[in-house]
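*Asks:* Next come the chains, spelled out residue by residue.
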Amino acid sequence: MLRILRQIARVGTITEELGPSDAFEQTGRELEAAIRKRFAGSLAIRAVDAGSCNGCELEIHATNNAYYDIERFGVHFTASPRFADMLLVTGPVSVNMKTALEMTFDATPDPKLVVAIGDCAANCGVFGRDNYAIAGAVSDIIPVDVVIHGCPPTPTDIIRGILAAIEGRA
Amino acid sequence: MRHLANTWFAERLGDRGIRTTYLEDHHPAHMPCLEIIRHDWLHAAEEARRLEMRLVAVWAAEAGRHDQDQGRKHGLYAYMAFAHPEHRHALLRTPLAADHPVLPSIAGEYIAASRMERHMTDMFGITIEGSPDARAWIRHEHWPAEAHPLRGNFDARTPLPANPDGGDYPYVQSTSHGVYEIPVGPVHAGIIEPGHFRFLAVGEQILNMEERLGYVHKGIERAMQGRDATGGAKLAARISGDSAIAHAWAFSQACEYAADIEPPRRASFIRGILCERERIANHIGDIGAICNDAAFAFMHMQMQRLREDMARLHQELFGHRLLFDTIVPGGVSVDPDAAQLARLKAQTGAIAAEVERLRSIYADHPSIQERVIGSGTVSIDDARDIGLLGFAGRASGDYPDERIEEAYPPYDEFDVGIARGRLGDVATRVWVRFEEIADSARLIAEMIEGMPEGAIRAAWQAPEPGVSGFAAIEGWRGEIAAWVRFGEAGRIDRYFVRDPSVINWLGLELAVREVPVPDFPLNNKSFNCSYSGNDL
Ligand code: SF4
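Those protein sequences? They're chains V and Z, same order as listed. Using our numbering, the first residue of the first sequence is number 1, and each one after it goes up by one. Using our numbering, the first residue of the second sequence is number 1, and each one after it goes up by one.
One should not assume that every hint holds.
Stated by the list, open to error - Okay, the calculated bits of chain V under chain Z, using three or more residues with CB under 8 Å as the criterion:
1. 7-20
2. 52-58
3. 82-95
4. 124-132
5. 136-145
Unchecked claim - Here are a few chain V residues that sit away from chain Z, every Cβ distance over 12 Å (derived from the structure):
6. I45
7. F73
8. G74
9. D110
The hints are simulated quantities; they were obtained by calculation from the structure and are not laboratory data. We treat Cβ as the ideally placed atom computed from N, Cα and C, and that holds for glycine.
My request is simple: use the sequences and hints to build the entire structure.
*Replies:* Below is the structure:
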C-alpha cells in the first residue's frame, strides 16, 4: 500500500488544461437551451463502435487518462444506452452493425445527443462509401449533432467535440 | 533479396506420393507456393500435421492474370499455408471449378481451419465437404442468399440490401436442467469493439462460451482490389488500428517480396523500432485494463499515463499518435534524426523502468494476484492444437515467433528473447507481456545504437501482373500472415491477410470454460483479440 501511495505522490497531478481544437463541426439539430441546461454538470455517454478499426476506440479511452481526465467535465461513460444522454459513434456503419446501431439509438431516452467520431464515422473514411459491407456514414443511419474529424481524432478533439455538443455551439 | 528455394515440404510431400509443382510467379522462394491436385488436399494437410507443422491460414482467390494467359481453365484456387519452426513457411494451392467449387475440409486435422473455411464459403460460395461446422460466419443472417462478395461477378459497390427472411443464427445450446444462457453484445458495456458472446452457464461457472463475430466486417479484402501498393498500405494500417505498424509491415513486405524489392537497412531498423514500440504500448494498455477489470484502478491509471506518454512522443517524432502511415511499400515515410532517436531511446528506457516498478507493485498485490493466478488456463496441448499465436501461445508453452523463425530484417541482426511461459493462465499471459515489454525496450535500444545510415525508402516498382508475395510478421498479438497478388498496372487483384486474432479468439473460448462469469472480462482482456482484424 505504501508503495502505491509513494508512486501516486511521485507522479503527482498531471491533468492538463484542455487544449484548443477545431476538428469538429456542428451539424443538424439546434439544441434547445433547456436540454443544454439539463445536461450541464453531468453527461452519461454510451460509446458505440459501429465498424471502427479500433483506432478511434484507443483515443476515446485516452480521454479518460489522467492527462485529459474527461470526468472532470462531468462526462462519464456508461454501460447501457438506457441511461445514456449521448451516443459516441465510431466507424463507418457496417452492414452487419446497422441494426444494432439503430436499436441502440432507439434504446437511448430522449433528449439525446449523437457525436460521430472520426473520419470513418463522418464519411466512411478509407473504407469508402461504394462498399458492399458499409451501410453508410453515421449520419446516413441516425441523426448526428456533432462530427469530429481525424483518423483518429485526438483526445483533445474528442473532448472539445463532446463539450461543443453539450453547449450547442461549434 | 535472393533466397534459396525451400524444398523441404515439397520433398516430404513427395515421399508420401503427393506431387507438387513449384510456382515460379510466387515469392519469396524460401516460403514457396506449391500446386497440388485437389485430390491430395486433405492428404497434404494430414502430412503437415504429422510433420508437426502449424496451420497458418486457409483462403481462396479467383484466378489471376497468369492463369488465364497460360490457358488454365480453372476459375478459382484454394490456398493453405503451414509453418514449421525450423523449415518455415510453405504454401499449397489447388485449382477449383469456377461453377461449383468443392473442397474437402481440413478441420479434422486443424480445427482452426474451420472458421477460415466458413469464410471461404461466405465469400466465394465454396462448398466445404466434411466441415464440422457449416454455419455462415461473416455472412450474417440478413445478407441476400447468393451474395459472395469476393466473386468477380458480385456487385461490390452497393451496400448489401437487407434480407428479412435470413432466420436466426443457430448457437450451441444446452437442454440440460440448470444451464442458462447469457447473451452479450454486439454492443458491449465498455469502450470496445462489437461482437456477440453467448454464454452457457451453470450457477457462476461458464460451461461454454461461443463467439459470434463479423459485426465489423468492412469488406477490406474486396476494398484492397484495384488499389496500388501505396493505397493498399494505407488501408492495411487500418485493418486493426492497434496494430497499424504490424499490419502495414505485413502488407508492405508481401508487396516487396512480390516485386523483389529490398527496403534499405535503415528502413528495416526503423520498422523494427516502431513495431516494438507498438508492442510495448499495447501490452502496457492491456495490463492496465486487465487490472482495471479486477478493480485495481491504480494500475490502470498508471499504465494509461505511460501509454499516453508514448503516443505523444509518436505524434512529435512520427506525426501520428498511433503511428499510422509510417510504413510504406519500399521502406518508411519518416526519418528520425540522431537527436530524435536519442529521445526515443531515453523515453523507451524510462518507460520500461517505470513498468518494472509497477510490476513489483502488481506482483505484491494479493487482491489482483488472487484473480489472475489459475484463471482461464489454456493447456499446451490445446495451444498446439489450435496453433495459438504470439504472447498467448508463449504463455501456454508454445513459442512460435516469426522474429526468430522467419528472422526478417532487422531481426536477422538481433537476438529476440522468448518469454517461456507454461501455465497458460491470465497470470502467465500478463507475465509474458511484462517480459516482452522489457525485451522490446532492450531491442529498441540496440536498434537505435546500431542504426545504419542511408536511405529510408527503396523506389517502389510494381511487379508483373500475376505475381504474388507472402509475408509473416510478428505483431504484438502474434504472427500476421499476408498474401498479395498483383494484377494489371501495379494494381492489387487479391489481398488475403490473417490477423492473429482469427486463431487466438479460439484460445479465449478454450480458456474460459469453467471460469466464473465475473472473471470473463479479465480473461478477455488478457487475450485482447481484434474484432476488426478478424472480421475484415
Ligand atoms: S477514423 Fe481512422 S482510426 Fe477511426 S475507425 Fe476510421 S480508420 Fe480507424
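*Asks:* Run every hint past the structure and note whether it holds.
*Replies:* Hints versus structure:
Given as covered by chain Z, the stretch 7-20 of chain V passes the check, having 4 residues with a CB less than 8 Å from a CB of that chain where 3 are the minimum. Figure legend: the stretch 52-58 of chain V, annotated as covered by chain Z; annotation consistent (7 residues with Cβ-Cβ distances under 8 Å, at least 3 required). Counting residues of the stretch 82-95 of chain V whose beta-carbon sits less than 8 Å from any beta-carbon of chain Z gives 4, enough to reach three: the coverage restraint holds. Against chain Z, the stretch 124-132 of chain V contributes 7 residues with a C-beta closer than 8 Å to a partner C-beta. That satisfies the three-residue criterion, and the hint holds.
Note: the stretch 136-145 of chain V has 1 residues with beta-carbon separation from chain Z under 8 Å; the three-residue rule is not met and the coverage is violated. Once the 12 Å rule is applied to beta carbons, I45 (chain V) is inconsistent with being away from chain Z; the minimum gap is 9 Å. At roughly 17 Å, the least C-beta separation between F73 (chain V) and chain Z is larger than 12 Å, which holds for a residue marked as non-interface. Every CB of chain Z lies more than 12 Å from the CB of G74 (chain V), the least distance being 18 Å, so the non-interface label holds.
Distance to chain Z confirms D110 (chain V) as a non-interface residue, since its nearest Cβ pair spans about 19 Å, more than 12 Å.
Violated hints, in rising order: 5, 6; the structure is consistent with all others.
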